[in-house]
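Asks: Let chain A serve as the given structure and place chains B, C and D on it in line with the hints.
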Amino acid sequence: MFNDRTAKFLLLAALVICVGGAFAPNWIVNQFMFGFSRALAILGLMVLWRTGLVSFGHAFYFGLGAYAVAILDSKLGVSDVFLRLVAGAVVAGVAGFLIGFIMRNYRDIFFAMLNTAISMVLFGIVVKTESLGSTDGFAISASTIFGLSPETKYPLFVIITLIGLSAALAVNFYLKTTFGKLTTAIRDNEIRVEYLGFSVAHAIHLKYTISTILAGGAGALMAMSLGQVDPESMINWTVSGELVFVTILSGPGNVIAPFIGSLVFEVLRTYAFELAPQAWQLIMGATFLTIIFFLPGGIWSLIEKLGGKKNAK
Amino acid sequence: MEAALTILLDGLQFSSYLFIVSAGLTIIFGVMKILNVAHGSFYAWGAYTAAFFIGKFSDMGLPDALGFLIIVAAAIVVGVILGFIIEQGILKHMYERDEVLIVLATFGLFLVLEDIILIAFGTDPYFAYQPMALLDSVELGGITRDVYGMTLIGVAAVVAVGCWWLLNRTKWGTLLKAVIFDREMGISMGINVPLVYTLTFIGGAILGGLGGAYIAPTISVAPGLGTEVIVLSFAVVVVGGMGSIVGAAIGSLIIGILRAIAVHELPQVELFVVFAVMAIVLVFRPEGLFAPAKPRKI
Amino acid sequence: MQNSSSILEVRDLLKTFGAVVAAKDINVDISQGEIVGIIGANGAGKTCFVNMVTGYLAPTEGSIKFEGTELVGLGTRKITHAGISRSFQVSQVFHSMTVSENLMIALAIANNRGTDALSLMDTPDLRLKLDAVLKRYKLETQRDATVSALAQGVRKLLDIAMAVVSKPRILLLDEPTSGISVEEKFDFMDIVMGALKEDGVTVLFVEHDMEIVERYVSRVLAFYQGEIIADMPPKKALADKKVQEFVIGKEHHKKKK
Amino acid sequence: MTNKLLKGALGFAAVSAVAFAGGIAHAKDTITIAVPSFLTGGAAGPFGIPAMNGAKMITDAINAGKLPAPYNTKGFGGATASVIPLDEGGGATKQVAEYRNLVEKRNVDAIVGYISSGNCQALAPVAEELKQFTIFATCGTPRIFEEAARKYVFRTMGHATADNVAAAMYVKEKFPDMKGYTGINQNYAWGQDSWRDFDLTLQQIMPNTKASDKTQFPKIFAGQYGSEISAMSLDKADLVHTSFWGGDLEAFIFQGNARGLFKKKIGVFTVGGTAAYRLGKKLPNGLVLGARGPYGILVRDRDTALNNWFVSTYKNLYGTYPSGPAYQYGQAILAAKIAYDKAGSDATNEQLAGALRGITFESFSTTIEMKLGNGHQAATENGYGITEYDSENGENVVKDVKFYPASCVLPPEGQNSVDWIKGGMKGAKC
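Protein sequences, first through last, are from chains A, B, C and D. For the first sequence, position 308 matches number 308 in the working numbering, and the numbering has no gaps at all. For the second sequence, position 284 matches number 284 in the working numbering, and the numbering has no gaps at all. For the third sequence, position 15 matches number 15 in the working numbering, and the numbering has no gaps at all. For the fourth sequence, position 405 matches number 405 in the working numbering, and the numbering has no gaps at all.
Isolated chain A (complex conformation) (with noise of 0.2 Å):
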């Protein structure tokens, strides 16, 4: 499983990373545990994708995860790292399995939009509950790891990346097994998958569910990097536009794209924000649009023309 270029790349890639984020500054060691903890969730929209299928609702695993952090920090004092990163992918995962068992049968457009519907219905129902924080949300304490509770944020940067690598890694494999391949299949020819005898359900469930595993992850890291959860900004429709917004900017091409695509996100909303306070969301919107048009292979298409098409492939 370490041995494609992807692969290796991710793994020097990571360790240049780690060691780089020793030296960097704190507001770079932020942008890339933000862009990274994204990431994690765009790996997951990418495999829909790929099978032809984009959520535009994933903002409720998102948010569940986050908001587990949030619960199991505020009500229980669950501190550790690794159990608030479980506890997310856990809550998103098996309320994903669920729920695919209604997605499965819907593709296309009907597709996204049952997937923004239920992620309103969890958005509402925090918005309303105070007991949930309401709109305020919660604050959440510095993240102990194994115990130890860190001076710095490199401890926890380090760990995202690690994570980050890892599920880079898991899905490059995944998408090398039967079911991996599958996914260009579905999306070209449902009816040959079925005569061949396998279940397109089955397959779009499995692939629905590691998609909500990892958001959910997702949206406990970066909860845990913010160190705040609320409504608007982790289970609110607009958070699924931004996650679709990302996977579409970094593009399908390889499981590197999200995490480069995610960062550039980070940077380009830092940036809009910073020097157009009254007008960032207009530029953030025409870059979107521009990427759709003039770039629907997203920044992957972009690197693999300069890197020469066979890289990483």
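Read the hints as simulated data drawn from the structure, not as lab findings. Glycine residues also receive a C-beta, built at the ideal position from the N, C-alpha and C atoms. The reader is advised that the hints may include incorrect statements.
[As the list claims (entries may be wrong)] Beyond 10 Å from chain D on every Cβ pair, some chain A residues (computed): (1) Trp27; (2) Gly52; (3) Phe101; (4) Val127; (5) Lys128; (6) Thr135; (7) Asp136; (8) Ala139; (9) Ala170; (10) Ile191; (11) Leu226; (12) Val229; (13) Gly253; (14) Trp280; (15) Thr290.
[Said to hold, decoys possible] With a Cα cut of at most 20 Å, we get these calculated SDA-like pairs of lysine to any residue: (16) D:Lys264 x B:Ala133; (17) D:Lys172 x D:Gly375; (18) D:Lys281 x B:Asp136; (19) D:Lys219 x D:Ile205; (20) D:Lys172 x D:Lys151; (21) D:Lys282 x B:Pro63; (22) B:Lys56 x D:Lys172; (23) D:Lys282 x B:Arg97.
[Stated by the list, open to error] Chain A residues, not near chain C, derived (Cβ > 10 Å throughout): (24) Gly20; (25) Gly21; (26) Leu72; (27) Gly77; (28) Val90; (29) Ile102; (30) Leu182; (31) Ala185; (32) Asn189; (33) Tyr195; (34) Leu196; (35) Leu282; (36) Leu289; (37) Phe294; (38) Leu306.
Replies: Only chains B, C and D this time, still in chain A's reference frame:
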């Protein structure tokens, strides 16, 4: 009894508002299979345009009755201009691409339009109370009601009947239905689908604008008022069935009346109603109550 | 009345869509190794029959037994697993992938019915199988070509090859030669039939082209308005009055249009 | 592959480089103050913009040494300050991320502002973590300094408890025969706290009045309150309390007015002040109006050098009278100046915090005592008045203005406001 009447009126009033804003969304979806996230922006632009000119006119000392003209004009102008530009400038070039990409494009548009409003109209809220003041208020069910608010019910009725008539009593309607059922079929029948699309989108945009323009006099027209609307109208469309006018009407009624009951009898659950209804429908009938027949993929 | 040698027994099959009768009183026994041609005008119920056997359509009444097990009520997947596969009139392949990728997926699924689908797909022994299939269907030269770039004929070949890798006992071909040029059609069928003979697959294929029928089948089922009006060897069938009137006649007539 | 790797590394280096560039430090004689406020969304017009105006006006005046005595020294400890305006919208989480950028990327010296209680609550712990000198200007929730002791965070105005205790006392004074009361407040910390404090206080000081069992908590920015207004009109209560602010406030006033709600019921608006100047004739007469303290219309005619200067300068600059937020941001900037004057322009965050902790100073409209929350939370008087349209000058005025001293409407140091009210507001000196 008085309470019942009040609840009914409140419910109808809110339902009407919901219906007007969601009708456009569901029509566009039904015909073009586009979930138009930018619909909220049409609403906002309608509200701003109306509020802006109502204010200007009354400053010029023109009769406030003109307000109603402005409202209609604003809706049409906004719908035609924005609708045309967006459909011709962006969406038209995407119909061959994945439907979902189009949704995303409208999301991008939504972000852009939100900030353009800010640049065009500034951050200061606009007040266009004149039409509301003009119609004054009446004693009804033991409380005072503003007549303007109740005319909303009439407007909704007109929109509903109008849509029904257009779909079921005109040649246009039959063409639309053909396209709605199956785009390819429409083309093979020699229907000018691109034109149908353009007009449909403009029509939907006008309805979105009308919602905003008509509500404008009752609210403080401030930035960000589009975002709420998307959520509400989307909920209605999901409950009623994506793409179904009847569905939108029923959906609006269910949500509107239930909400009114909640506000009066059990305020603490008021905020859940919309989403509770949505959740229940999603569990038992994910395609909505009145989902139009859709050709399955397999 | 179990016929010992027959692997497919169809009894009193009826399919109606509302008032329309798509299939009626269909009774057939197919024996191991037979090559059966299904002919009939458009809308005579040929494809409907194929769809019912492969579980894509559920019959209104009647039974379809495959080696004694009832197929009616089973889904397409179960039936594929049981050992019946099909090809399509319009080839159903993964157009954005290469020929070998298409076959690899078919092979992978055939070799582990999704049970260990979470293991690497690209294994050496699968590669060997792939080469064999490519060779048998003369697809070596196009192995790395993307399907969408291929000619109809090649796609059809691939379509059939993918249907066969699961080593079915019965294969149903829906108009294999439709969309293939007159010059190619015999070479094409030679490849296909040759390959199928090797595996000893029982074949039913829907065909409009009587030359093909004459040349390749051992038995003909002629459909007319949902019923089988003739079930006999090809020579005899093509000479048969009813067949000429209701099937071939219409055929030629149709060709003129 | 290796060349890709190289690219990766380069990319990282590039980003870092940008970072350092972004973070190039400031010279000694200038400081940067980040001023977050609502520049977008419904709260921008009524709140964010006046607030930002106030902050800019005072900063410029201080830079030019134009403030009246005793603040007529040039600059912040001699340094000229530049204001970085910042949008407060987008939710607490976004604000946390932006706050980190302000401190760690843009290296601002001080952060002065914030209107939303949600944001303040989220940012207080972050500010402490980053050890960043921060002054909250307007946000209201008492929790910030009651939940934890702060070292670097200050708030230069009284909190929501004062607003609502004062409101209750004013009601008791002016409407002694009020029988029952209801309320409509936004469904988040601010609205919930406000109603709770108002309700609890009335239970204490007017025990034989009754709260309606159907108080309304619509979502913030809902914009339409038709049903709520009907429900309250039918309610037997004869008083309506609201802590609505910004666009929601104005929408509610319109709709309630058209529905004659305020003819039938006493309206108590704890944040109504901002509407007074903006709505003009459309503001009903006879509303009980607060401005979250001695600000805006309530203190327009206070005849002190500082206040006269503030009102006239603001009116010249922006064409309207200054509303509450303008005062509140102005005085927060003033507090920053005081801190810098004491600690010096190159002072550390610790020194700045030390300089502001526990002091008492004259603000534009009132005296600010930083005596709660270990000297981090201001205590000021709080007051209310009743609206009346002055048709001669064509503007709204407030009559029967009554102010209550801080010691009367705020809990003593170290006491949680809810317990204090429930305990009968012991030690309140009115």
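Asks: If a hint holds in the structure, say so; if it does not, say that too.
Replies: Going down the list of hints, with the structure as the test:
1. Trp27: violated, 4 Å
2. Gly52: holds, 28 Å
3. Phe101: At roughly 31 Å from the nearest Cβ of chain D, Phe101 of chain A sits farther out than 10 Å, so the non-interface label holds.
4. Val127: Non-interface label on Val127 of chain A violated, nearest chain D Cβ at 6 Å vs cutoff 10 Å.
5. Lys128: violated, 6 Å
6. Thr135: Violated, since 4 Å does not exceed 10 Å.
7. Asp136: At about 4 Å from chain D, Asp136 of chain A fails to clear the 10 Å cut-off, so the statement is violated.
8. Ala139: violated, 5 Å
9. Ala170: holds, 20 Å
10. Ile191: holds, 39 Å
11. Leu226: Leu226 of chain A not clear of chain D: closest Cβ-Cβ about 5 Å, inside 10 Å.
12. Val229: Answer for Val229 of chain A: violated, closest chain D Cβ roughly 6 Å.
13. Gly253: holds, 13 Å
14. Trp280: violated, 8 Å
15. Thr290: Holds, since 21 Å exceeds 10 Å.
16. D:Lys264 x B:Ala133: holds, 18 Å
17. D:Lys172 x D:Gly375: Not satisfied, since the Cα-Cα distance of roughly 31 Å exceeds 20 Å.
18. D:Lys281 x B:Asp136: holds, 16 Å
19. D:Lys219 x D:Ile205: violated, 30 Å
20. D:Lys172 x D:Lys151: violated, 38 Å
21. D:Lys282 x B:Pro63: holds, 18 Å
22. B:Lys56 x D:Lys172: The given pair, whose Cα atoms are some 43 Å apart, is violated under the 20 Å limit.
23. D:Lys282 x B:Arg97: At roughly 51 Å apart (the allowed maximum being 20 Å), Arg97 of chain B and Lys282 of chain D break the hint.
24. Gly20: holds, 33 Å
25. Gly21: Fine: 33 Å to the nearest Cβ keeps Gly21 of chain A off the interface.
26. Leu72: Nearest chain C Cβ is 30 Å from Leu72 of chain A, so the label holds.
27. Gly77: The assertion about Gly77 of chain A holds, with a minimum of 37 Å to chain C.
28. Val90: Since the minimum Cβ distance to chain C is about 19 Å, Val90 of chain A lies beyond 10 Å and the statement holds.
29. Ile102: holds, 20 Å
30. Leu182: violated, 7 Å
31. Ala185: Label violated. Min Cβ-Cβ 5 Å, cutoff 10 Å.
32. Asn189: violated, 5 Å
33. Tyr195: The claim is violated: Tyr195 of chain A sits with its nearest Cβ about 6 Å from chain C, within 10 Å.
34. Leu196: violated, 5 Å
35. Leu282: Its Cβ never comes within 10 Å of chain C, the nearest being 35 Å, so this holds.
36. Leu289: holds, 25 Å
37. Phe294: holds, 21 Å
38. Leu306: holds, 23 Å
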